[in-house]
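Visitor: Letter by letter, the chains look like this.
Protein chains: 4
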Amino acid sequence: MIHSPPQSQLSSDLSDRLRRLAEAEDARLIADRRSFHANPELGWQEIETTAAIVKNLSRSGYEIVAGPAFLGDVERRGLSKDPIPGEGDTGCIAIYDTGRPGPTVCMRVDIDALPIKEATGNHAPAAQGFASRKPGVMHSCGHDGHAAIGLAVARIVKPLLKGGRGKLKLLFQPAEEGGRGGRAVADAGWMDDVDLFFAIHLGLGVPSDSAAFAVHGILANARYDVRLKGRAAHAGKSPEAGRNALLAACQISLGLHTLAQSSRPGMRLNVGLLNAGTAVNIVPEEATLTFEMRAQETADLQALEARCKDFVEATARAHGVEVSLVPGGGADGYANPEEIAEWAQGVNTATGAFGTVLPDMFFGASEDAATLASRVVARGGRGGIFVLGADLADDHHTPNFDFDEKALQKSALLCAGLIASAMDVDHVED
Amino acid sequence: MIHSPPQSQLSSDLSDRLRRLAEAEDARLIADRRSFHANPELGWQEIETTAAIVKNLSRSGYEIVAGPAFLGDVERRGLSKDPIPGEGDTGCIAIYDTGRPGPTVCMRVDIDALPIKEATGNHAPAAQGFASRKPGVMHSCGHDGHAAIGLAVARIVKPLLKGGRGKLKLLFQPAEEGGRGGRAVADAGWMDDVDLFFAIHLGLGVPSDSAAFAVHGILANARYDVRLKGRAAHAGKSPEAGRNALLAACQISLGLHTLAQSSRPGMRLNVGLLNAGTAVNIVPEEATLTFEMRAQETADLQALEARCKDFVEATARAHGVEVSLVPGGGADGYANPEEIAEWAQGVNTATGAFGTVLPDMFFGASEDAATLASRVVARGGRGGIFVLGADLADDHHTPNFDFDEKALQKSALLCAGLIASAMDVDHVED
Amino acid sequence: MIHSPPQSQLSSDLSDRLRRLAEAEDARLIADRRSFHANPELGWQEIETTAAIVKNLSRSGYEIVAGPAFLGDVERRGLSKDPIPGEGDTGCIAIYDTGRPGPTVCMRVDIDALPIKEATGNHAPAAQGFASRKPGVMHSCGHDGHAAIGLAVARIVKPLLKGGRGKLKLLFQPAEEGGRGGRAVADAGWMDDVDLFFAIHLGLGVPSDSAAFAVHGILANARYDVRLKGRAAHAGKSPEAGRNALLAACQISLGLHTLAQSSRPGMRLNVGLLNAGTAVNIVPEEATLTFEMRAQETADLQALEARCKDFVEATARAHGVEVSLVPGGGADGYANPEEIAEWAQGVNTATGAFGTVLPDMFFGASEDAATLASRVVARGGRGGIFVLGADLADDHHTPNFDFDEKALQKSALLCAGLIASAMDVDHVED
Amino acid sequence: MIHSPPQSQLSSDLSDRLRRLAEAEDARLIADRRSFHANPELGWQEIETTAAIVKNLSRSGYEIVAGPAFLGDVERRGLSKDPIPGEGDTGCIAIYDTGRPGPTVCMRVDIDALPIKEATGNHAPAAQGFASRKPGVMHSCGHDGHAAIGLAVARIVKPLLKGGRGKLKLLFQPAEEGGRGGRAVADAGWMDDVDLFFAIHLGLGVPSDSAAFAVHGILANARYDVRLKGRAAHAGKSPEAGRNALLAACQISLGLHTLAQSSRPGMRLNVGLLNAGTAVNIVPEEATLTFEMRAQETADLQALEARCKDFVEATARAHGVEVSLVPGGGADGYANPEEIAEWAQGVNTATGAFGTVLPDMFFGASEDAATLASRVVARGGRGGIFVLGADLADDHHTPNFDFDEKALQKSALLCAGLIASAMDVDHVED
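These protein sequences, in sequence, are chains C, G, W and U. Oh and the first sequence: position 336 is 336 in full-length UniProt numbering, straight run, nothing missing. Oh and the second sequence: position 135 is 135 in full-length UniProt numbering, straight run, nothing missing. Oh and the third sequence: position 143 is 143 in full-length UniProt numbering, straight run, nothing missing. Oh and the fourth sequence: position 162 is 162 in full-length UniProt numbering, straight run, nothing missing.
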């Protein structure tokens with residue numbers, strides 16, 4: 001792997017052509033995004049979503065790998081207890097090899113939704129008729145937009161690629177939320193030949209027509225499923241005979257939250273799920289809870305992780321309750337290298353995609369793409385995670401989340417420009 | 001309602017006949033009990049159980065009221081959020097009117113199971129092939145035996161009743177656990193003409209071949225469903241924007257349990273169910289929990305209830321979380337009147353059902369029959385709740401619960417004797 | 001030790017004489033009680049109280065053992081961290097030996113006060129000028145009355161004893177609260193020759209002019225001092241470096257209280273003291289807490305004790321905090337033997353002390369006298385703890401506690417009668 | 001107030017002279033520091049410390065204001081419940097007026113210690129014989145060094161000042177810990193004529209021979225004393241009659257700590273003190289706790305403050321306990337203006353005090369000097385808070401804290417240079 005950093009020069013002819021192509025995608029981008037929005041699926045369950053993507057790309061000239069072939073038999077973390085048919089075999093990758101020497105470039109978008117009940121009333125998706133049709137599941141992070149952008153970029157760059165160098169991989173990643181899919185994709189080997197990786201995220205506080213390329217502070221994270229098993233007892237006849245898994249779970253949850261406070265950057269802890277008990281008159285025998293931790297630096301995450309594991313185990317023991325901690329997903333921390341930020345900024349200037357570029361941005365959250373980027377970097381490649389501005393109706397992961405759809409065309413233009421520049425489309429005669 | 005207390009005299013001829021009839025029922029009692037055990041259904045969902053009872057009694061000469069006609073449109077507390085078809089229209093009553101003046105006598109058995117996963121291995125029902133076929137649902141309180149006894153009693157007394165006085169009601173009550181069905185039955189008016197009510201419970205620490213008639217300390221109880229609604233937020237990006245319903249639920253659960261300690265008799269509190277959160281990386285917006293309180297005396301229960309409601313509401317407010325408390329089921333407290341204990345003891349002596357009678361017994365738990373008995377007493381009738389001995393493999397409401405099936409025949413004999421004596425079967429020529 | 005149970009016969013002459021003597025004590029009883037009330041001292045610190053008792057008895061003809069000679073070098077539990085001069089060498093015993101063969105009889109009264117701030121306003125001791133002069137310390141359990149009764153009984157029986165048999169020990173016990181002094185007294189050997197022991201307690205819900213002799217349900221108890229040592233840290237600069245002993249103490253306290261609920265009789269748990277931290281901007285390094293447990297039966301107490309110790313240790317470990325548990329005081333459980341209740345009831349009838357005798361009484365709390373009585377019983381002697389009625393202004397251990405002083409004379413009369421009958425005063429010529 | 005920013009030019013002659021003067025102070029600096037270290041006093045109780053400072057400066061030519069005259073009758077927050085004689089009238093100010101027009105310059109040092117038990121063994125102050133002689137009180141933040149530096153600076157600059165312009169105020173501030181003294185000093189008017197204010201702090205992670213002038217992220221903070229009043233009850237006889245202030249305090253403490261987590265910069269919360277209960281067998285009636293909050297931005301602090309107040313009040317109500325929240329001390333947030341950082345850096349270069357200057361430093365804690373600096377800035381003046389490097393044996397606020405005493409001379413040199421430059425000493429002939 002001896003490729004030099006990507007160059008951001010694009011001829012003005014190519015830039016013009018990209019702009020025209022992106023403009024032509026506008027209506028379809030919005031339609032696709034709304035279609036994804038109306039049909040959200042949780043991580044590892046993006047069955048219809050994947051089918052729609054595969055169908056969309058079917059006659060596009062890309063090689064498509066999907067279904068069980070995509071991730072093979074690598075471990076998938078965080079599947080449901082009773083997986084639905086097809087669960088875990090979601091997501092896909094579209095590949096185009098120019099046949100000429102050059103870098104392998106991978107653009108990643110993610111496609112999963114969240115277990116949130118979408119707002120109604122004035123909430124735009126509801127008012128305009130594309131709200132979630134699946135109760136309790138919602139695209140409230142913008143992955144519907146990411147998937148639509150991925151498809152548009154596939155269409156925009158396809159005609160240009162025959163004049164480029166190297167190989168393109170368009171990755172439609174499943175199960176980003178909770179940091180589960182990235183590791184499976186990397187373990188399946190899809191990053192092993194990638195020289196240049198990039199991923200995008202809409203919104204995150206960056207306003208419409210702005211973008212952040214010098215992104216740092218993408219947090220490392222880790223999550224655990226905790227299972228507690230006490231002893232049931234008749235709550236009226238013999239409460240003292242029980243070992244109460246519900247109360248153990250409550251003390252664990254409260255105590256873990258008191259451990260989160262830190263002077264170290266990006267430290268976070270959340271107990272996101274807790275379920276305990278079976279009937280009102282039985283001392284609860286079983287409880288489960290799931291928590292995640294985040295930190296900017298891996299060493300800090302590991303220190304917190306060690307404390308939390310000790311805390312959970314000892315508190316369970318205090319209540320006379322058996323405990324198991326099962327690691328769930330997790331993502332590495334990441335910060336874009338300077339050269340990658342400069343490259344993206346150059347392409348943005350050349351294409352005119354976003355009017356304003358933030359000098360730098362502290363991400364302050366986790367992003368499963370960091371696991372993919374880290375894997376590429378570990379092998380000597382380069383990686384970037386870019387935040388593309390979009391005004392929001394409400395915070396990510398809330399029922400009223402929505403984003404300014406004008407961001408879609410701009411994003412598709414930028415991404416197409418990044419690919420064109422990295423694959424040297426400009427310098428090769430048609 | 002001017003009937004005098006029931007008399008326990010039974011002629012020795014009648015006692016002999018009852019004993020022969022009960023002995024003849026033994027194999028069927030055990031078979032019925034095992035069939036119910038293998039097919040447990042939760043409260044308000046005893047659909048197959050009710051169908052089996054109705055079918056069993058169908059050509060018996062009793063008038064059977066079941067289905068929507070049984071409870072009409074009275075309120076059913078504690079139905080599922082998404083009730084299954086038929087839910088709430090379970091249980092039934094079998095009626096026989098002698099046509100002669102005399103008391104209306106009601107014997108109640110209950111028929112529902114519990115959300116417990118039955119043990120395997122050496123656990124007798126598993127070893128002998130009649131363990132629950134429904135994962136996570138189990139007859140771990142003995143209601144399978146109660147239902148079988150109810151059917152046997154129906155068969156035993158039927159031929160005798162034409163020589164008796166008054167009216168017999170054999171009540172197969174749904175949803176006893178959680179104290180939900182009793183109130184619905186009473187509200188539907190089935191107790192309005194009852195002069196003498198009795199219910200039975202197997203086990204409860206009373207050994208095989210013993211029985212307790214002078215039962216007191218049946219606890220009053222009340223339960224609440226608590227719903228908490230906070231505000232979701234991205235746990236990594238903006239935890240401070242959330243209002244954490246999970247942590248509120250944890251502090252409520254722990255705090256409620258600290259309120260239970262009391263010098264007053266029979267005070268108990270249990271948070272039996274807690275569910276919170278939707279995803280590991282979202283500050284939990286919603287949580288639900290269910291708790292129950294018990295006390296020997298109604299005034300104590302009300303005092304605890306008032307404290308608990310205040311506690312829940314204020315703690316939710318502390319976390320910035322909205323709260324609603326929905327009352328679930330509940331049962332009255334009860335103690336058998338002396339005359340009723342004496343009557344039952346006399347019948348026991350006459351029939352020779354149980355070899356030993358406990359001088360008295362502190363029940364120390366709730367029993368939905370108390371609501372029915374209280375309703376009868378409030379109208380001037382009489383009521384008793386009897387505990388019939390059966391050695392247990394493990395405590396009620398635990399996965400290894402099982403009881404000595406020898407108790408079935410003894411119980412059926414006693415109950416048939418109680419009915420025969422109350423309805424004066426002995427004194428009327430055939 | 002072959003003495004038969006005490007006989008309750010008293011000649012009517014002797015009864016009359018006792019009544020006259022008790023009546024003559026009335027004013028002094030009230031004055032003494034008020035003096036003790038105004039000068040309360042905590043357990044092991046009853047220095048002025050002991051001095052007043054010793055002075056009072058100094059020319060009475062009793063042998064007085066007080067100061068370091070009283071308890072010698074036996075272990076005193078629950079001394080202050082920084083004991084004041086004289087602490088632990090409090091209490092005393094007054095002895096009279098008739099020189100004639102007969103039983104050794106011990107009457108115990110207790111003399112310590114509580115760390116409660118006495119009420120003001122209409123509260124009788126305040127309104128009548130004998131409220132506590134020591135801020136934050138108060139006789140709110142009635143031991144002021146007990147001490148006064150002890151002195152009156154000493155005076156009443158003294159002239160009679162020369163005509164009796166055996167030996168009398170009047171024990172003024174220190175540090176009853178928290179169950180600390182009883183064990184020290186027993187360990188010092190003062191019970192080793194006692195054939196008949198009795199102690200009294202005023203109030204406890206028994207109304208004026210009533211008394212309870214058939215007392216059962218005196219609870220066993222145990223207490224622990226918990227010391228937690230974590231790690232200090234600057235709360236602003238590096239909270240993650242701390243190991244927070246305060247939060248550990250909070251989770252321990254809440255969790256312990258959730259363990260108290262039980263179907264077993266008399267189970268109680270209380271965390272009575274908690275102190276943690278040194279400054280608002282330091283992660284608290286140290287915390288201490290003290291808790292007690294009670295149960296009617298020793299086996300239950302031991303089971304709860306084992307759970308609580310495990311709970312404390314594991315929860316401390318969860319917080320990364322070192323912990324030590326130091327056993328504090330404790331008392332045995334007790335129930336008066338029937339023959340002792342009958343004896344006291346007979347003496348009460350003979351003397352006419354209390355108009356009404358309760359058929360039985362569940363004590364429902366601990367009483368350090370149980371440790372003394374148990375020690376006597378273990379050696380083959382007999383013991384009783386009697387509750388002497390007194391209407392109360394408010395509960396024991398509250399700032400408004402006060403009792404009906406009419407109980408003093410009645411109590412002194414009864415106690416003198418008990419001694420007279422046990423020591424056979426009646427049968428010996430003057 | 002029209003003074004231009006301070007200029008950092010110092011003639012090389014003056015710089016040389018300052019260096020020589022500072023070198024000459026070295027032994028005395030160390031001796032003074034050790035003397036203060038051995039005799040630590042808590043905030044508002046720096047009685048001996050103030051006396052030593054006043055004595056030290058008594059014949060120095062400065063006007064000294066100390067005792068009640070220093071702070072007059074302005075409110076002192078955070079005095080002890082039972083203040084010792086002289087408490088609150090500590091600290092002093094030394095003033096020298098050149099008589100020539102020019103700025104009023106104020107240098108602040110702080111003088112209070114912390115409630116920490118100093119380490120023994122190898123800990124240098126212990127090994128070298130200057131450990132705290134006051135059990136449980138320790139200079140574990142470096143204020144002993146600050147006070148010594150203040151005295152040295154007074155001596156160094158005194159001979160130079162007659163050639164300067166304006167007025168010098170050397171402030172020896174009491175009660176810095178907890179943010180109490182700064183506000184009192186400001187309220188007493190001592191900042192009202194100050195044009196240029198600066199304060200110093202040793203250590204804080206800056207290594208020996210380094211200094212940070214471009215300091216930002218000095219956190220705003222606020223603290224509250226919480227008093228809870230429930231209802232006492234006999235823990236054995238009637239626990240249900242109590243309203244448990246201890247358990248309320250525990251739930252408040254745990255809950256507050258769960259509110260601290262935030263994406264906003266510098267957010268912190270600490271419950272530093274908790275005291276509850278009076279005796280092991282009484283349901284605790286009273287509890288007190290003290291907590292502080294910090295944030296980089298005042299709006300964030302106010303938002304957290306509002307949540308915390310609501311939380312405390314509602315949780316107390318949940319337990320049926322009365323509550324009062326009394327605001328304690330607090331400090332403003334602060335960041336040094338660029339011009340002030342440049343001035344100090346220039347003086348450092350000229351004097352050669354510290355070899356390395358950090359490009360910038362995030363302070364990440366509170367500093368009471370921020371309240372003084374903010375007051376000066378609000379009136380149009382300028383202020384700076386500088387961190388002067390010193391290697392540490394352990395973290396601030398821990399028992400093993402100690403600092404490299406080589407920092408003392410360097411600090412005195414820098415501070416003297418700052419004063420000399422600000423008061424234009426260089427431009428006036430001796």
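Please note: incorrect hints may appear among the correct ones.
Pairs count within a copy or across copies, as identical chains cannot be separated in the list.
In silico DSS-like links for lysine-lysine, alpha-carbon gap of 25 Å or less [said to hold, decoys possible]: (1) K237 <-> K81; (2) K117 <-> K162; (3) K237 <-> K158; (4) K406 <-> K158; (5) K81 <-> K134; (6) K237 <-> K406; (7) K229 <-> K117; (8) K117 <-> K237; (9) K229 <-> K134; (10) K158 <-> K55; (11) K134 <-> K158; (12) K117 <-> K81; (13) K55 <-> K162; (14) K117 <-> K55; (15) K117 <-> K309; (16) K134 <-> K117; (17) K309 <-> K55; (18) K229 <-> K309; (19) K117 <-> K158; (20) K309 <-> K406; (21) K309 <-> K237; (22) K162 <-> K229; (23) K158 <-> K81; (24) K406 <-> K81; (25) K134 <-> K309.
Derived by calculation from the structure, the hints in this document are not laboratory data.
Visitor: Determine for every hint whether it applies to the structure shown.
Guide: To see whether the hints hold, each was checked on the structure:
{"no.": "1", "hint": "K237 <-> K81", "verdict": "neither (33 Å within a copy, 28 Å between copies)"}
{"no.": "2", "hint": "K117 <-> K162", "verdict": "neither (44 Å within a copy, 62 Å between copies)"}
{"no.": "3", "hint": "K237 <-> K158", "verdict": "neither (72 Å within a copy, 36 Å between copies)"}
{"no.": "4", "hint": "K406 <-> K158", "verdict": "within (23 Å within a copy, 68 Å between copies)"}
{"no.": "5", "hint": "K81 <-> K134", "verdict": "both (20 Å within a copy, 18 Å between copies)"}
{"no.": "6", "hint": "K237 <-> K406", "verdict": "between (64 Å within a copy, 24 Å between copies)"}
{"no.": "7", "hint": "K229 <-> K117", "verdict": "between (31 Å within a copy, 13 Å between copies)"}
{"no.": "8", "hint": "K117 <-> K237", "verdict": "between (40 Å within a copy, 20 Å between copies)"}
{"no.": "9", "hint": "K229 <-> K134", "verdict": "between (33 Å within a copy, 21 Å between copies)"}
{"no.": "10", "hint": "K158 <-> K55", "verdict": "within (16 Å within a copy, 70 Å between copies)"}
{"no.": "11", "hint": "K134 <-> K158", "verdict": "neither (33 Å within a copy, 55 Å between copies)"}
{"no.": "12", "hint": "K117 <-> K81", "verdict": "both (21 Å within a copy, 16 Å between copies)"}
{"no.": "13", "hint": "K55 <-> K162", "verdict": "within (22 Å within a copy, 76 Å between copies)"}
{"no.": "14", "hint": "K117 <-> K55", "verdict": "neither (28 Å within a copy, 44 Å between copies)"}
{"no.": "15", "hint": "K117 <-> K309", "verdict": "neither (32 Å within a copy, 28 Å between copies)"}
{"no.": "16", "hint": "K134 <-> K117", "verdict": "within (9 Å within a copy, 31 Å between copies)"}
{"no.": "17", "hint": "K309 <-> K55", "verdict": "neither (45 Å within a copy, 55 Å between copies)"}
{"no.": "18", "hint": "K229 <-> K309", "verdict": "both (16 Å within a copy, 21 Å between copies)"}
{"no.": "19", "hint": "K117 <-> K158", "verdict": "neither (37 Å within a copy, 57 Å between copies)"}
{"no.": "20", "hint": "K309 <-> K406", "verdict": "neither (45 Å within a copy, 43 Å between copies)"}
{"no.": "21", "hint": "K309 <-> K237", "verdict": "between (34 Å within a copy, 23 Å between copies)"}
{"no.": "22", "hint": "K162 <-> K229", "verdict": "neither (60 Å within a copy, 55 Å between copies)"}
{"no.": "23", "hint": "K158 <-> K81", "verdict": "neither (40 Å within a copy, 51 Å between copies)"}
{"no.": "24", "hint": "K406 <-> K81", "verdict": "neither (39 Å within a copy, 41 Å between copies)"}
{"no.": "25", "hint": "K134 <-> K309", "verdict": "neither (36 Å within a copy, 35 Å between copies)"}
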